[in-house]
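Following the hints, position chains B and C against chain A.
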Amino acid sequence: MRSWLFTILAVVAGAALFGVSRFIENDYFFFAAYVVLQYVVLSTAWNILGGYCGYVNFGTAALFALGAYTTVAFHKLLVTSRIYPISIPELIVIGGVVSAVVGLGIGYLTLRLRGAFFSIATLALAVVIQTLVTNWDFVGGSRGAYIIRPQTAPLIGNYIQYLFLVMLVLAVISIVVARVIERSRLGYGFATIRDDEIAAEASGVPTLRLKLIATTLSGALMGMAGAPLPYYVGYLDPASGFNLAYAVNSIAMPVIGGTTTWVGPLIGSVLLGTLQQWVTVTISSAVSLLIVGLLLVAFVIIAPNGIVGLVRPLFERTKG
Amino acid sequence: MAPLLAVDDLSKRFGGFVALDGVSLSVEPGERLGLIGPNGSGKSTLVNCLCGALHNETGTVTFEGVNVNGMTAHQRTRLGMARSFQLPRPFTSLTLTDNLRIPLIYSANVRRGSHFTAAEIDERCGELLRLVGLDAKARRLPRDLTQVEMRKLELARAMAADPKLLIADEAMAGLSHSEIEDIIKLLNELNARGITIILIEHIMRAVMSFSQRLVVLVSGKKIADGNPQDVIRDPEVERAYLGQ
Amino acid sequence: MWRRRPAMVQGLAKPGGTHGDEASGRERAAAGRAAEAADARPRVRPPMSFPLDLLINAIVAGLMLGGFYAAVTSGISIAFGILDIVNIAHPAFIILGSYIAYIINSQFGFDPILISIAMVPAFYALGAFVYQVYYVSFERRGQEALRGLAFFFGLLFITEVVLVLVFGVDYRYVEAIYIGPTLHYGFIDLPLRMLVPCLVSLLLILVLQVYLTRTFVGRAIMAVAQDQEALRLLAVNPIRIKRVAFAISIATASLAGAFLIVIQPVEPSVGREYIGRVFAVCVMGGMGSLPGAVIAAMLLGIVESITATFYGPSWAPAVSFGFLLLTLAFRPAGILGR
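As you go down the protein sequences, you meet chains A, B and C in turn.
Counting from 1 along the first sequence, just add 1421 to a position and that's the residue number in my numbering.
Counting from 1 along the second sequence, just add 2 to a position and that's the residue number in my numbering.
Counting from 1 along the third sequence, just add 1028 to a position and that's the residue number in my numbering.
Just so you know, the hints here were simulated from the structure itself, not pulled from any lab data.
Relax, there's no trap hidden among the hints.
Covered stretches of chain A, going by a simulated chain C footprint (3 or more residues, C-beta under 8 angstroms):
hint	region
1	1543-1549
2	1699-1712
Covered by chain C, according to a simulated footprint, are these stretches of chain A (three or more residues, beta-carbon under 8 angstroms):
hint	region
3	1474-1485
4	1533-1540
5	1553-1566
6	1721-1730
Okay, the calculated beta carbon distance ranges per label pair:
hint	chain 1	residue 1	chain 2	residue 2	range
7	B	Arg-15	C	Met-1250	16 to 26 angstroms
8	C	Met-1250	B	Asp-10	35 to 45 angstroms
9	C	Leu-1354	A	Ile-1504	36 to 46 angstroms
10	A	Ile-1619	B	Ser-221	23 to 33 angstroms
11	C	Phe-1338	A	Gly-1565	25 to 35 angstroms
12	B	Asp-10	C	Leu-1261	34 to 44 angstroms
13	C	Met-1250	A	Trp-1557	42 to 52 angstroms
14	A	Leu-1692	C	Leu-1193	20 to 30 angstroms
15	C	Met-1250	A	Val-1732	41 to 51 angstroms
No residue lacks a Cβ here, since even glycine has one placed at the ideal position from N, Cα and C.
So that you can see chain A by itself, here it is in the shape it has in the complex (with noise of 0.2 angstroms):
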C-alpha cells in the first residue's frame, strides 16, 4: 500500500474514532481514552529506535517528562503571567523539540559505543534529568507545579475531550510517521542497524546518522505526547512525571505488541492500555504494573515477536 493512503486511511480512522466519541457522554471515558492514546504514541516513538534499529531506551520517562516539564515552565512564563495564553499545539512543538535536542545530545554521546552502552547511559539519564528538574523550583521542584486549564477548549468547549482530540492528532501522526519511514530507504537502513551494524557499516549504511535521527524522531515524539500532560492531569510534580510506569510500558507495549512494525505498538499499547486501565480501578495501580512486569518479561522469553510475531505465520498459511 502506498504511504499517501495508508496516511489518508490513518487520517479517516483516527477522524472516525473522533466522530464516535462524540456521542459518549461519560467523562471517564476520555479520560482513560487519553492515557490509552499517549501511550500509542509513547510505544510507537518508542519503537522506532528500539524495534527497528535495536537500540533499547530506558529513558522514555525522562524525554516524557522533559515535554511535561517544558510546558509548565512556558505555562508560568507566559500564561500565569498573563503575557501570551499559548496553546497546546504551540506547546507540543516546543515540548518536541526540547526532547528531540536532548535525545540528540545523549545520541551523539553514547551511539558511537555499542548499544548495551547506551542503554545503560539512557537510564543514567532518566534519573539526572529528574535531579535537575526536582531542584528547579521554577516548575514547582519536588513540591510540584500547579496548572489550571483554560475554562473553555478551542474547537469543542470540554476541555478534557479537547485534549483527547489532541492526543488522538499525535497517536495518528506518530504511526503515520512509523510506517512512512518502515518503508522508506531510512527505514531498510534501520533494520540493517538492527540486524547486524558492522555489515550495515561495510555496505555504505552511515549507521551514526541514521541512529542520531531515530533518537531524535523518538525522543521528539515522547516529548510531543508529555506537553499536554500538565493540562490533563493539573498537577506534576517530579514523581508522577517520572513515573517509572511510563518506561516500563514503552517498552513492554511493543515488545509484547511486536516490534518490527508499527502494527506492534499499536496492538500492544491499546491491549495493555486498557487492561492496566482496567485494573487499575477494580484491583490497584500497582497490582497493574506488576502485570506489565511479567507480561513483559514472559513475552520476551516465550514469545520474543510478540503478537504479531504469533500472528504472522497463521496468515501466511492461509495465504498459501
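Only chains B and C this time, still in chain A's reference frame:
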C-alpha cells in the same frame, strides 16, 4: 599509473599485542592480488584496517589518491572499497533481494550521484543474484540458505556496492572443488569488468591460479611481495608458511 | 522521591554526627574562653579551617563509600565485565538482599551482615536459575541485545513493584551494634556503620580476586570471556562456567544488600540509583578487573562525597552519571574492543 590502493607503514596493536607491524603494499587498478599467511598473521586485521572497521595506530591508507585515515567504514565503501566477511554476516530479517538492495541504495547510489529507479534496483539485484546462482531464493531469508550459499550472498552483497576494489576475505573456506571453481570464475569475470580484487585465502591452488601478484603476511609483517611462482619458492615463505 | 531520600553521606550533614560541628564547637569554646578572658566579644572562627576538616572528612567518607561501591560493583564486574551479560537488574538483587536482611533482623535481631552471608547459597541458586533462563532464552538464540536487556529490565521492575506491594514505600532500616557509634581520630570521623561495611566489602573483593586468579574454576571464568573453544578443548563446559560465574555475581548481591541497609535506610526504588554507579565503576575500572573497580569506586565515592558535602546531597546521582559519561567518552578502547 598511480596505484588504486596504497598502504604505507600500517601498524595496529591490541593492548600489548602487535597485530600489524609496518605493513606497506600497493595495488594497481585492475590487478588481482593474492594475500596469504598463516592463521593469526594479521590478514583479517589488515582488511579491517583497510576498510575502516578498525583504526590503525600508524601509517596511511590511500585509495585513488585520497587519504582515507579517519574515514568511517561506510565512507570508504562509498568511495569504492568493498569487502566480504570471512564469517558471513547477512541481514537476517531481510530477503536476499533486500540484502542486495542495501548496498545499492546506500553505496552505489551515492557514488553514481543519482538515484536508481525502483526498476533499476530490482534489475540489478536480480542480475547479481543470477550471477551467484541464488535467484531462485530471491524472496527467501538468509536463514534458509546453506553455508555455501551464504558465502555467495556475502560476495554478491559486496558487489552490489559497485566497488572499484573488492576484498574477498576467505570466501572459499569449506567449499567443494567445483564451488571453488565457480567463485574463481566469478572473480575473474568481475576482474574482467575492471574491478580490482584482493583475494585472501588459504586454498593455495585457488590463490595461485587467480593471483597476478602474491603478498605473504607472517606475524603482522609482510615477508614477500611479487610474482606468485617466485614468492612460493622464497625460502623464508617456505619456512614460515608452507614448510610447516 | 528526592526530598524523602536521605543522603548517602548524611552522616556529615546530620547534627551530632559531624566532626565539623564538634570541632567548631570545641574550637569556638576554646576561642571563646580565650576571648572572654581577653575581650568580651564573641570570637568568629578563622575561615581557613572550615573547608579543610570538612573536606578531609568528605574524602574519608568517600573512601568508605567507595569500598562499599566496589562490593556493589563486583557482581557487575563479573557479569558484565567478564561474561558480557548486561544485567541491569543487579541492583534489584541487591535491594532484595537488603530486604531479606531487614526481615530477619527485625524478627530475630541477627546481625544483617551475618544474615547475608547465610543467604549466599540461596542467592547463588537464584543466580544460577536466572542465568539458565537467560541462556536458554537469549544467549543460545543470539538475541541478547534487545531481548536480554528487556528481560533484565523486566526483572528489575517486577522486583521493585513486588517490594512496594509487600513492604510499601516506607524506609526500612536494620539494627546492629555498629550502627550508631563513631570512631574519632583527631578531627576525622569514622562512623562504624560505614566503616564496617567498607572493610567487609574489601575483604569480599579480596576473596573474589583470589578465587578468580588462583582456583581452576576462577581462572576458567576469566578465560571463558576470551576463548570458549579453548575451554571446550580442556573438557570444561563453558556454559557451566558461565552459570557459576553469574551465580557468584548474584551471590555478591546478597552481601552488598546487607551493606547497603547498614549504611542507609532502604526503600524499593533505591536500587535504580545504583545502576549508573555500578556501570560507571565497572567500565572505569577496566571492565572485568576487580582491583580496578576498587580504585574507580573509591574515586567515585570521594567525588560524590565532596559534592554532597559542598553542594547538597540531591546532586549525588548526577555525579555518577557524569562519571559514566566521562568513562564512556574517554575509555573507548576498552569498550569498542568487546
